[in-house]
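Student: In order, the protein sequence lines correspond to chains A, B, C and D.
Be aware that the first sequence starts at 1, since it is given in the working numbering, and climbs by one per residue.
Be aware that the second sequence starts at 349, since it is given in the working numbering, and climbs by one per residue.
Be aware that the third sequence starts at 697, since it is given in the working numbering, and climbs by one per residue.
Be aware that the fourth sequence starts at 1045, since it is given in the working numbering, and climbs by one per residue.
It is possible that some hints are incorrect.
Unchecked claim - With a straight-line cut-off of 35 Å between C-alpha atoms, the simulated DSBU-like cross-links for lysine-lysine are:
id, chain 1, residue 1, chain 2, residue 2
1, B, K426, C, K702
2, A, K67, D, K1248
3, C, K1006, D, K1197
4, D, K1354, B, K426
5, B, K402, A, K310
6, B, K442, C, K711
7, A, K310, B, K442
8, C, K763, A, K94
9, C, K1006, C, K790
10, C, K750, C, K711
11, D, K1138, C, K1006
12, C, K849, B, K426
13, A, K204, B, K658
14, D, K1197, B, K426
15, D, K1248, D, K1197
16, C, K816, C, K900
17, C, K750, C, K900
18, C, K750, B, K402
19, B, K555, A, K204
20, C, K816, C, K903
21, D, K1122, D, K1376
22, A, K207, A, K120
23, D, K1354, C, K849
24, D, K1354, C, K702
25, B, K468, A, K54
26, A, K6, D, K1197
What the hints assert, rightly or not - In silico negatives: residues of chain D with every beta carbon more than 12 Å from chain C:
id, residue
27, H1073
28, P1094
29, E1095
30, R1118
31, T1125
32, S1187
33, M1215
34, R1218
35, R1235
36, A1260
37, R1279
38, N1351
39, P1365
40, G1370
Derived from the structure by calculation, the hints contain no laboratory data.
From a predicted model like this one, the values you see are computed outputs, not experimental measurements.
Using N, Cα and C, we set each Cβ at its ideal position, and we do this for glycine too.
Spelled out, the chains give:
Number of protein chains: 4
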Amino acid sequence: MIVILKPEANDALVKDIVSQIEGLGLQAHLSRGQFRTVIGVVGEEVKVDPEHLKSINGVEQVLPIMKPYKLASREFHKEATVIEIPCPNGGMVKVGGGHCLAIAGPCAAEDEGMVHQLAKEVKAAGASVLRGGAYKPRTSPYSFQGHGEEALKWLRDAGRENNMPVITEVMDTRHVAVIERYTDIFQIGARNMQNFNLLFEVGKTRKPVVLKRGMAASISEWLMSAEYVLSQGNRDVILCERGIKTFETALRYTLDLSAVPVAQANSHLPVIVDPSHAAGDRQFVPALARGAIGVGADGIMVECHDNPAKAMCDGPQALLPEVFAGLMRELKMIARTLGRNFSEAPAR
Amino acid sequence: MIVILKPEANDALVKDIVSQIEGLGLQAHLSRGQFRTVIGVVGEEVKVDPEHLKSINGVEQVLPIMKPYKLASREFHKEATVIEIPCPNGGMVKVGGGHCLAIAGPCAAEDEGMVHQLAKEVKAAGASVLRGGAYKPRTSPYSFQGHGEEALKWLRDAGRENNMPVITEVMDTRHVAVIERYTDIFQIGARNMQNFNLLFEVGKTRKPVVLKRGMAASISEWLMSAEYVLSQGNRDVILCERGIKTFETALRYTLDLSAVPVAQANSHLPVIVDPSHAAGDRQFVPALARGAIGVGADGIMVECHDNPAKAMCDGPQALLPEVFAGLMRELKMIARTLGRNFSEAPAR
Amino acid sequence: MIVILKPEANDALVKDIVSQIEGLGLQAHLSRGQFRTVIGVVGEEVKVDPEHLKSINGVEQVLPIMKPYKLASREFHKEATVIEIPCPNGGMVKVGGGHCLAIAGPCAAEDEGMVHQLAKEVKAAGASVLRGGAYKPRTSPYSFQGHGEEALKWLRDAGRENNMPVITEVMDTRHVAVIERYTDIFQIGARNMQNFNLLFEVGKTRKPVVLKRGMAASISEWLMSAEYVLSQGNRDVILCERGIKTFETALRYTLDLSAVPVAQANSHLPVIVDPSHAAGDRQFVPALARGAIGVGADGIMVECHDNPAKAMCDGPQALLPEVFAGLMRELKMIARTLGRNFSEAPAR
Amino acid sequence: MIVILKPEANDALVKDIVSQIEGLGLQAHLSRGQFRTVIGVVGEEVKVDPEHLKSINGVEQVLPIMKPYKLASREFHKEATVIEIPCPNGGMVKVGGGHCLAIAGPCAAEDEGMVHQLAKEVKAAGASVLRGGAYKPRTSPYSFQGHGEEALKWLRDAGRENNMPVITEVMDTRHVAVIERYTDIFQIGARNMQNFNLLFEVGKTRKPVVLKRGMAASISEWLMSAEYVLSQGNRDVILCERGIKTFETALRYTLDLSAVPVAQANSHLPVIVDPSHAAGDRQFVPALARGAIGVGADGIMVECHDNPAKAMCDGPQALLPEVFAGLMRELKMIARTLGRNFSEAPAR
């Protein structure tokens, strides 16, 4: 950590600050410039809250040198993490370290028939994991909120039928247990990226967690939220970029594709991209998905529907399964160009 | 709702769209321009999800005319809501409709002594409600997470001692009951503004809720979150602006003071401002607090500490109680200029 | 245009508003809902400033239906524009409609030797157009501001030597003539995207213009700036996305790759991407360039330098020519996958 | 400056970096931590471009300690600057250091009569400086672009008639001379905040410059643009906050009132606020103006019009003169509460 003192800091104040720093079990290296005195703080940075130092009288600025996350950091874990997700009837799919993952399915699990139908279609099109919402975070209290546990059963059955692992969103600490019972991967939505108790709870399970980036979360805050999960012993975190809020309103969110290589440079965790929620408009989903694989994402998560005009939520962004199939062909070619491969779930 | 069709929409398609709209129990008024056909949709807008219409083939754009919130809207509730908060030993404080509220206290309730000491000081300085954190949302899993139920007791006792209602943050649906037992006002933090289940739970209680604006939430989304609480029968929602994320990094967040009059124009609910979290630096808290009362806010929420350099969290932004007292004198004068008054808690 | 009246608009007011609209030579279609009266305005939308209507007493909102740009719009020009740029010694390079363009060279033209050396290297690596700054927009008045006309000569000569068209930035209406004399393409920088007089001046020339998106410009504002150039008779505008300002500070700007397909959907003009300025860090330039071609960009503009540590500006983001050559090989493969091709300048 | 090396930097590399730093005439203080080597660079920071150091192989990060601006900085100029603006017929108005300035007038100078009429009205209401546009920056090339030199004459005459200094916007280096001839204060608009040649040109005059903050400019970039003007010897720069681009679309821009105290803390220059362009809607202008004076702004710039529905531009945000007069009464009371006073132009 670097501590920069205010210009008016005199010898007595400098001495006092140094002794406060040493009192925290750290070493202080003094360096006096023409306009400022700077103290290099050596020791275990993670143990000291920069806020403590910034609150000391006479301190102008505190600049951390190390990242605030540790288990999520590539600095202490050079190898890309490969996460293996078991399929219901045997085999596994992989994500990370050259393995790309395609997750697809409806926004919401609307009824048993549609879930089975879509599962079959997206698997045929090249998806390895089935997505579907049972508990839906809706902006309006008057909107459809999901079919709950019943939907979880439909998803589990469709996953078994097609030998696909199933992912669904968890929104409430009270739902962790029931979702764990039926599904294979937890999804933490963008709005809950800093629901810290929820992160602790999924961290205590041993199922993979797809952690969506909050729409106003910096990459560093995103990795800190991953750290919450990792700190509880669950090592299987998959980061998912899904668009951030900016001044641009042409699409629902601004997909930050540069977050993919930046997160990969700073962390060993796989990073996938959700182009559907970012675009909010199916016309732009394929381009964004191709861009995602172009920048080096470890996979995509896409919403599909057989009849978008009847969808209970997010119809405008749902791809028809046949469009998704065409997209998957392009994505596989781009991935191969970059030395990567989409991981496929074994037949049932 | 206004539905704008794509330029290529021919007669057959227009007819089909009209019949779909009428099938939803709505009337369709057709208007053909040179380049576009426009359909004015008349009926109960809140019942129809714009997404349904946007998913119809041939539709280019759907423009809602009505706000998506109803109970929170000033359109159906012209009068400003005045919320009355009972004090522990009798009497009440008010907020809204010309009554301003000053909430102050430490970021975290650190120990029994400091809570009592600060409660006394901020009351003397002009605060009517005591704030203090028992469950703390922290970016890092390694940071201090609050003293939990013990802290709730210290806060309750200090509130009784000084006849001040107490506010504390609730982060988890599982904590609603215990927090309700000890304190008088729920605070929903910015990170949980769209934790919809939590909103439902506090909506089922009958204690006032301070709802902080999410750091990437539009004013409309913020009012939709208020609608979640109101929809459960709890009418006592106090909105709190606390800074949004923008490209500017000079302060921790960009305090959006224009959100105050905009929210007040669109909603009858009181709107207060938290300058402490927005600034993240005590040097700028007084100016922002004065700006808040200048734009017409219904109150402020400020963090104070007797020894910021020892604070367990957010020390850099805590005001010394004597600085807070000076600030309150200025705020009262500005409020009076604008025909408003700070509501005071009766002596114990 | 759609005009929505305030709820309190009574019959007399509605009549008055209708007559004001008709007074502007437009037709007014009235539609009364339960809560609002809506007027559909039919006529030449581009002739009426929405602000006029919004200023009328009793009007709540004015919603334009048509885009505010016309010459730049794909609505009236369905085919993608292919721009042909003549090479100094014969032949031409193309951009748009399936032809991708690679522009490369140093940030600033530092001296004659380096310009010639880099021109040769980037051409060998696959670039068709040479970039180089003669007038540099620098945040600080104390930074190197470019070598001016002398640098223009170096660039012209290096372009001739390698049969490459040359692009350089114009920052001042007073420089348009001299830059036109020496170079082949004008670049309007992000900071000047709304320097409207400058847009008019380059619009009066007949040389292609690369128009960078302002760091806070919406896609619609960007196309309006293109309209400024087009309105003067210059049809050869190439749009260039180069990153926008958001809350994320990991890289210098947030590259908005979704702007590429959105701009292409709304306009017939080619859209290229500058990953160098967006990243500000060479480590991330190749990934962003691959993402750009993945989302369907019509080309890239990249900064190269033989010795970045000695660069007079933007050294941290400059690619070594050999790295650029490797990147071009990947980009050509991705483009081919998507049915596109990089346009090559003929040998000299 | 602080230079942080990459973890892999070995002794040879460290030695090499140190010698490169010393080669630039600076001293290097080495400090080795557990994970990183840090070099404190001592010397004239302003002379060394951080980019040079960042481009050196083995360097991870470069953290400047000093601000990049010097003449604009409060560090070397502790006293608030008071700018005195001469009135046409004698006397002067002041801004800065406790003197607040009210600038008012129409968006555009539409015709001679309206300019004279509004000048008289805004002066009576309490404004000291007359604003009016002669060259208008418009998003659309098809919109009214201002009456040019003729409008300048109207403004000059109305200024003389009412003994008010006149401010108008300059958009083009070629217009500096003519605007200087007729008016008293240059306005640099938000879109031209980084039109560096224009900044140099007004810097060479000896008339005050109101420098609006760009809608995506950080406070630091804003002060760097002030530095451009100051560096040419013109010391009379007045900063003007007018709203930034954020995700919030309720108003035209998000007025960043926290920029006022932050800019004042970092610079000795006066800081005023333009609530009209930020709001884009007259309903919210008074609240924002009150907030501006509340946070401590040194003045406001407000648009007025006698008949907003007929205004040639920005009608929706124009205040009626009588509303402006009522607002001025409130602002004077708030200013007095904070120990400040509005500076008044002497009668003619």
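Student: Does each hint fit the structure? Answer for all of them.
Tutor: Tested hints:
For the proposed pair B:K426 and C:K702, the alpha carbon gap of about 14 Å is at most 35 Å, so the pair holds. Straight-line distance between C-alpha atoms of A:K67 and D:K1248 comes to about 46 Å, which puts the hinted pair past the 35 Å bound. A distance of roughly 52 Å separates the Cα atoms of C:K1006 and D:K1197; the hinted pair therefore is violated under the 35 Å criterion. Annotation: proposed proximity of D:K1354 to B:K426 holds, straight-line Cα distance about 31 Å (limit 35 Å).
With a C-alpha separation of about 11 Å, the suggested pairing of B:K402 with A:K310 holds against the 35 Å cut-off. At roughly 44 Å between alpha-carbon atoms, B:K442 and C:K711 are farther apart than 35 Å, so this suggested pair is violated. The hinted pair formed by A:K310 and B:K442 fails the criterion: a straight-line CA distance of about 47 Å is larger than 35 Å. Between the alpha carbons of C:K763 and A:K94 the distance comes to roughly 45 Å, so the proposed pair goes past 35 Å and is violated.
At most 35 Å may separate the alpha-carbon atoms for a hinted pair to count; C:K1006 and C:K790 meet this at roughly 33 Å. Straight-line distance between C-alpha atoms of C:K750 and C:K711 comes to about 16 Å, which keeps the hinted pair within the 35 Å bound. Using a Cα cut-off of 35 Å, the hinted pair D:K1138 and C:K1006 is violated, with the two alpha carbons roughly 47 Å apart. For the hint pairing C:K849 with B:K426, the CA-to-CA distance comes to about 69 Å; that exceeds 35 Å, so the pair is violated.
For the given pair, A:K204 sits about 32 Å from B:K658 by alpha-carbon distance, which is consistent with the 35 Å threshold. For a cut-off of 35 Å, the pair hint linking D:K1197 to B:K426 is broken: about 48 Å separates their Cα positions. A distance of roughly 23 Å separates the Cα atoms of D:K1248 and D:K1197; the hinted pair therefore holds under the 35 Å criterion. Of the pairs offered as hints, the one joining C:K816 and C:K900 holds, with about 32 Å between alpha carbons and a cut-off of 35 Å not exceeded.
For a cut-off of 35 Å, the pair hint linking C:K750 to C:K900 stands: about 34 Å separates their Cα positions. For a cut-off of 35 Å, the pair hint linking C:K750 to B:K402 stands: about 26 Å separates their Cα positions. Distance hint between B:K555 and A:K204 is fulfilled; the C-alpha atoms sit about 33 Å from each other, no more than 35 Å. Annotation: proposed proximity of C:K816 to C:K903 holds, straight-line Cα distance about 24 Å (limit 35 Å).
With a C-alpha separation of about 26 Å, the suggested pairing of D:K1122 with D:K1376 holds against the 35 Å cut-off. As the CA atoms of A:K207 and A:K120 are separated by approximately 24 Å, the hinted pair is consistent with the 35 Å bound. Between D:K1354 and C:K849 the CA atoms are separated by roughly 52 Å; this puts the pair beyond 35 Å, and the hint is violated. Proximity of D:K1354 to C:K702 is assessed by CA-CA distance (about 19 Å); at most 35 Å being required, the pair is judged to hold.
For the given pair, B:K468 sits about 27 Å from A:K54 by alpha-carbon distance, which is consistent with the 35 Å threshold. Between A:K6 and D:K1197 the alpha-carbon distance is near 50 Å, which puts this suggested pair outside the 35 Å criterion. The claim that D:H1073 lies off the interface holds: its Cβ sits roughly 21 Å from the closest Cβ of chain C, which is beyond the 12 Å cut-off. Residue-level check failed: D:P1094 sits 9 Å from the nearest beta carbon of chain C, not beyond 12 Å.
The claim that D:E1095 is not at the interface with chain C is violated, since a C-beta of that chain comes within 12 Å of its own (minimum 5 Å). Against chain C, the non-interface label of D:R1118 holds: every CB pair exceeds 12 Å, the least being about 18 Å. Interface exclusion of D:T1125 from chain C stands, the closest Cβ pair being 19 Å apart, more than 12 Å. For D:S1187, the shortest C-beta to C-beta distance to chain C comes to about 7 Å, within the 12 Å cut-off, and the non-interface label is violated.
A cut-off of 12 Å between C-beta atoms contradicts the statement that D:M1215 is not in contact with chain C; the least separation is 6 Å. At roughly 6 Å from the closest C-beta of chain C, the C-beta of D:R1218 falls inside 12 Å, breaking its exclusion from the interface. At the 12 Å boundary, the C-beta of D:R1235 falls inside the reach of chain C, the nearest C-beta of that chain being 4 Å off. Against chain C, the non-interface label of D:A1260 is violated: not every CB pair exceeds 12 Å, the least being about 3 Å.
In this structure D:R1279 is separated from chain C by more than 12 Å, as the shortest Cβ-Cβ distance comes to about 14 Å. Not every CB of chain C is more than 12 Å from the CB of D:N1351 (nearest about 9 Å), against its label as outside the interface. For D:P1365, the condition that its CB be more than 12 Å from all CB atoms of chain C holds, with the nearest at approximately 16 Å. Residue-level check passed: D:G1370 sits 19 Å from the nearest beta carbon of chain C, beyond 12 Å.
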